[in-house]
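Q: All chains, full assembly: derive it from the sequences and hints.
There are 4 protein chains.
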Amino acid sequence: MPDNLSDARYEVALANRMLANEGVLDAFGHVSVRHPADPSRYLLSRSRSPGLIEPDDVLQFTLDSEPVAPPSVQLYAERVIHGCIYQARPDVTAVCHHHAPAVMPFCIAGVPIVPVFHLGAAGGETLPFWNQRDEFGDTNLLVVKPEEGRSLARALGSHGAVLMNHHGATVVGRDLRELVSRSIFMCQNADYQLRAHLLGKVATLTAGETKLAGALNAMPNVTNRTWEYWTLRLARTGGLPPRATGSKARPQAASEARTNSPRTPARGQGVHKNRRRRK
Amino acid sequence: MPDNLSDARYEVALANRMLANEGVLDAFGHVSVRHPADPSRYLLSRSRSPGLIEPDDVLQFTLDSEPVAPPSVQLYAERVIHGCIYQARPDVTAVCHHHAPAVMPFCIAGVPIVPVFHLGAAGGETLPFWNQRDEFGDTNLLVVKPEEGRSLARALGSHGAVLMNHHGATVVGRDLRELVSRSIFMCQNADYQLRAHLLGKVATLTAGETKLAGALNAMPNVTNRTWEYWTLRLARTGGLPPRATGSKARPQAASEARTNSPRTPARGQGVHKNRRRRK
Amino acid sequence: MPDNLSDARYEVALANRMLANEGVLDAFGHVSVRHPADPSRYLLSRSRSPGLIEPDDVLQFTLDSEPVAPPSVQLYAERVIHGCIYQARPDVTAVCHHHAPAVMPFCIAGVPIVPVFHLGAAGGETLPFWNQRDEFGDTNLLVVKPEEGRSLARALGSHGAVLMNHHGATVVGRDLRELVSRSIFMCQNADYQLRAHLLGKVATLTAGETKLAGALNAMPNVTNRTWEYWTLRLARTGGLPPRATGSKARPQAASEARTNSPRTPARGQGVHKNRRRRK
Amino acid sequence: MPDNLSDARYEVALANRMLANEGVLDAFGHVSVRHPADPSRYLLSRSRSPGLIEPDDVLQFTLDSEPVAPPSVQLYAERVIHGCIYQARPDVTAVCHHHAPAVMPFCIAGVPIVPVFHLGAAGGETLPFWNQRDEFGDTNLLVVKPEEGRSLARALGSHGAVLMNHHGATVVGRDLRELVSRSIFMCQNADYQLRAHLLGKVATLTAGETKLAGALNAMPNVTNRTWEYWTLRLARTGGLPPRATGSKARPQAASEARTNSPRTPARGQGVHKNRRRRK
Numbered sequence: 001m002p003d004n005l006s007d008a009r010y011e012v013a014l015a016n017r018m019l020a021n022e023g024v025l026d027a028f029g030h031v032s033v034r035h036p037a038d039p040s041r042y043l044l045s046r047s048r049s050p051g052l053i054e055p056d057d058v059l060q061f062t063l064d065s066e067p068v069a070p071p072s073v074q075l076y077a078e079r080v081i082h083g084c085i086y087q088a089r090p091d092v093t094a095v096c097h098h099h100a101p102a103v104m105p106f107c108i109a110g111v112p113i114v115p116v117f118h119l120g121a122a123g124g125e126t127l128p129f130w131n132q133r134d135e136f137g138d139t140n141l142l143v144v145k146p147e148e149g150r151s152l153a154r155a156l157g158s159h160g161a162v163l164m165n166h167h168g169a170t171v172v173g174r175d176l177r178e179l180v181s182r183s184i185f186m187c188q189n190a191d192y193q194l195r196a197h198l199l200g201k202v203a204t205l206t207a208g209e210t211k212l213a214g215a216l217n218a219m220p221n222v223t224n225r226t227w228e229y230w231t232l233r234l235a236r237t238g239g240l241p242p243r244a245t246g247s248k249a250r251p252q253a254a255s256e257a258r259t260n261s262p263r264t265p266a267r268g269q270g271v272h273k274n275r276r277r278r279k
Numbered sequence: 001m002p003d004n005l006s007d008a009r010y011e012v013a014l015a016n017r018m019l020a021n022e023g024v025l026d027a028f029g030h031v032s033v034r035h036p037a038d039p040s041r042y043l044l045s046r047s048r049s050p051g052l053i054e055p056d057d058v059l060q061f062t063l064d065s066e067p068v069a070p071p072s073v074q075l076y077a078e079r080v081i082h083g084c085i086y087q088a089r090p091d092v093t094a095v096c097h098h099h100a101p102a103v104m105p106f107c108i109a110g111v112p113i114v115p116v117f118h119l120g121a122a123g124g125e126t127l128p129f130w131n132q133r134d135e136f137g138d139t140n141l142l143v144v145k146p147e148e149g150r151s152l153a154r155a156l157g158s159h160g161a162v163l164m165n166h167h168g169a170t171v172v173g174r175d176l177r178e179l180v181s182r183s184i185f186m187c188q189n190a191d192y193q194l195r196a197h198l199l200g201k202v203a204t205l206t207a208g209e210t211k212l213a214g215a216l217n218a219m220p221n222v223t224n225r226t227w228e229y230w231t232l233r234l235a236r237t238g239g240l241p242p243r244a245t246g247s248k249a250r251p252q253a254a255s256e257a258r259t260n261s262p263r264t265p266a267r268g269q270g271v272h273k274n275r276r277r278r279k
Numbered sequence: 001m002p003d004n005l006s007d008a009r010y011e012v013a014l015a016n017r018m019l020a021n022e023g024v025l026d027a028f029g030h031v032s033v034r035h036p037a038d039p040s041r042y043l044l045s046r047s048r049s050p051g052l053i054e055p056d057d058v059l060q061f062t063l064d065s066e067p068v069a070p071p072s073v074q075l076y077a078e079r080v081i082h083g084c085i086y087q088a089r090p091d092v093t094a095v096c097h098h099h100a101p102a103v104m105p106f107c108i109a110g111v112p113i114v115p116v117f118h119l120g121a122a123g124g125e126t127l128p129f130w131n132q133r134d135e136f137g138d139t140n141l142l143v144v145k146p147e148e149g150r151s152l153a154r155a156l157g158s159h160g161a162v163l164m165n166h167h168g169a170t171v172v173g174r175d176l177r178e179l180v181s182r183s184i185f186m187c188q189n190a191d192y193q194l195r196a197h198l199l200g201k202v203a204t205l206t207a208g209e210t211k212l213a214g215a216l217n218a219m220p221n222v223t224n225r226t227w228e229y230w231t232l233r234l235a236r237t238g239g240l241p242p243r244a245t246g247s248k249a250r251p252q253a254a255s256e257a258r259t260n261s262p263r264t265p266a267r268g269q270g271v272h273k274n275r276r277r278r279k
Numbered sequence: 001m002p003d004n005l006s007d008a009r010y011e012v013a014l015a016n017r018m019l020a021n022e023g024v025l026d027a028f029g030h031v032s033v034r035h036p037a038d039p040s041r042y043l044l045s046r047s048r049s050p051g052l053i054e055p056d057d058v059l060q061f062t063l064d065s066e067p068v069a070p071p072s073v074q075l076y077a078e079r080v081i082h083g084c085i086y087q088a089r090p091d092v093t094a095v096c097h098h099h100a101p102a103v104m105p106f107c108i109a110g111v112p113i114v115p116v117f118h119l120g121a122a123g124g125e126t127l128p129f130w131n132q133r134d135e136f137g138d139t140n141l142l143v144v145k146p147e148e149g150r151s152l153a154r155a156l157g158s159h160g161a162v163l164m165n166h167h168g169a170t171v172v173g174r175d176l177r178e179l180v181s182r183s184i185f186m187c188q189n190a191d192y193q194l195r196a197h198l199l200g201k202v203a204t205l206t207a208g209e210t211k212l213a214g215a216l217n218a219m220p221n222v223t224n225r226t227w228e229y230w231t232l233r234l235a236r237t238g239g240l241p242p243r244a245t246g247s248k249a250r251p252q253a254a255s256e257a258r259t260n261s262p263r264t265p266a267r268g269q270g271v272h273k274n275r276r277r278r279k
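Protein chains in written order, with the numbering used here: chain A, 1 to 279; chain B, 1 to 279; chain C, 1 to 279; chain D, 1 to 279.
No lab work stands behind these hints, which were simulated from the structure alone.
C-beta: ideal position from N, C-alpha, C; glycine also.
Okay, the calculated beta carbon distance ranges per label pair:
1. P242(B) to N221(C): 48 to 56 Å
2. G23(A) to G208(C): 38 to 46 Å
3. D138(A) to G157(C): 57 to 65 Å
Taking lysine-lysine and the DSS-like style, the derived pairs with C-alpha atoms no more than 25 Å apart in a straight line are:
4. K211(C) to K145(D)
5. K201(C) to K201(D)
6. K201(B) to K201(A)
7. K201(D) to K201(A)
8. K211(A) to K145(B)
9. K201(A) to K201(C)
Away from chain C, derived, C-beta distances all over 10 Å, residues of chain D:
10. G23
11. K201
12. N224
A: Written as structure tokens, this is what we have:
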């Protein structure tokens, strides 16, 4: 399925740039997706800052995080984060590792991030912590060994994200749009929680509210609106990814960049194509 | 009155984009106005992020929040917020629902927002809270049922805004310019209040100062200056709404975008036309 | 001296836009200068947001804040702030009134702003407060009556700035460049002071350090660098003021906008012309 | 070696603009490098705001901070900071002095900056303070006398940076890329530390983690990625330095600005050329 694959590579580049544009990723961090046709592989960029990634940078890896083709470029040192989670979580098709400023204070203070508003429920009721030091002693805090990746995946368990002490966070999703939403709203939630703490009281959602509001994140009503929003914000900076070399696929995002009207066939088709792809 | 209506649809799109550009709205939130000729209807966009709304997206709804014409597009789930407030408040002709970062810490901590500077008095002396949980137990926190909308309208009472626990705020105005000013200054007030709290003391305006300063918000001296300011800031980002399909009306904002001179007939007329419309 | 006057009107527009671009002014606030040839008059814009002001907007006022020519446009309500200070302070040739977010928490909490870093010493050792309520009871907090302006000028005394409770600040300078530097560094000082307070200790400069570091602000080494810096930052946003109608003067700032080279005659001349004017 | 020298002058301008673009430098602060061919000289710009510096502004100085050629332009008052550190630290080839907002609260409160995340370890385990007042009493806080520069260099000792009370920080590097990374990550670390403090606990890295993570900063994997990232971010603002007058060297950064593809010879060569230069 060459088309699906080239779409997937484009969307990996797009998601990386979106999350960089929204302040979740910076010089570091990376987003991967499971191969659309082969669940035993995943797609991740060569070592590069997320905001600069192009479809041509996106390579295939086995779940042992070995490149499928011998690489001529430098690879991310921390790709085992992705491979080990895809091994441990068949339900996961998208992974993001980041050092977003909004979560760092919690990773440093060891204070849990709790759901404090409806969209923040995307992360679930409580987020586990993983302290590399506990199992591996003094390290440079990069997750590079398979056993480190497996340990992180165990800490993640069945949650939507895991906080890494002194390092950052790793977020997962059932699809790329859920991943992007969860990553962004988790940062907003952390920011609001810190400032509510400064006002003197952090009141959390109930377990019931968290479950019900958390489901919002999967509603097309929500994910299509946020996807269109973050894509247009990126497009307005001129930051949309270029087309892949020799790609025939017509990227939906590029069409959105070219027009602001909801009535052009281009985007209409794009949206439907996307919906179908997400089933 | 086709012209008034097309002006109103343009201004709904403009106000949505203005408030998105000023950080009050983001992927979510919406601004509506009462139909200029028929008080039993209101104008609200199809489901779309506020910063992207175009006049053609703006549809008519009855005060029961039913679309007047069968819709071919997705609608906001929370439009009962608008309909129920227009039913309960004949004096209100504009409504904004938002999740602005500046108010979220107060919605989470349950700390009241109080007037701490002259422009912040736009919100009035005290803002009521509405906790959906109190009356409806565990929900996903969206306000979608008519009874939820009516409950919110009761909590709003005769105030200028209501804070929604764990969710955001809903603001009302006697006209669109008052609504936009009140929404923005209420966020500034919340931000200053939080930082004054960090300094150790939140001294509020007196009841008398709040009443007198609150009236500033209705002075043309103030609303025309802020409207020009926020329109130009939006225009500089290239974010002004496009003209409606086949619209003959000459949008005042577009003329402001085209020229920076206060002496061109275009804007002069625009301002007067607007003033008249606001009576 | 038509040339000096048209230069002065251009610089009033430029200073307003600079301070708006640096976050000191927003929809509100205003900068004035004393008439370069007639100390019994001052130059202030018609009522308009600072970031939009053009040389043609700048009008002449007597020190009683009456327009010298019958105005065809709306005037600022608070111009007595300027007139009363020029009456009370012969040494002052430039005045700025603002509601900068950085100072508002101090105006609300009533906490004094103290010099905490070398450039912050621009404001002097301590800044007085003026609470309109003390002398005038409940008002809308605008300074519109001559007696209100005189009371504010008394509170300012011989200081570089005065904080206005629940309202903002008014800053003065011996020339426009000192005023702009003092306004911006006073905001930086307030921001650093608040965050040092959050760390647990606000250590201030000694009286001697404040006196010595405060004088930096008058060194051409400093004011020329900051003036060039803030002008270029404004130029990069495309926000430089347009030329005055029929003006023959070649604005120095515009030349800076056109070229980035320090060696073009244009800017060289501009700088010298400016230096001379400041003596 | 004219080419190396013109490359070095270009890179000094580039580093100054990068650090201004990332919020480390503003109207003030400066970056210097040791002369690539003559360790008894260093390269520093004429007195100018960092974001505006061009290769033609970069002059040669002896380690006594005297200009090698009689200057026709104004020089930085604080250049002894650079000269005295190059004298005291043969291992140092790049120096940055700044007043970054992120570090100022620590310089005011006298609270040490400690490593709280892996990239923040770039600064080393503890950063010393230097209070000019201790040795020199009341000053304007500028470091202008040779004895002041030598005193600062003594306080720096063998560390990666020194905090200057009420003033800012001075950072050193074994090469320009390490200096830029250390300066930026030290600011991020300070920001995260302050917000972790607000959450109630600042947990630091262990000595072992700090040593291991600190070494990340020297990994080409890291420095090449961050250098590409900060260069592209600067390029997108249109802020890359112009070519030096009559320079034949093809600046690597400019090539990056022209293309976004990792496969063009231009950047590939640039990267290798750079690597070689760094050995």
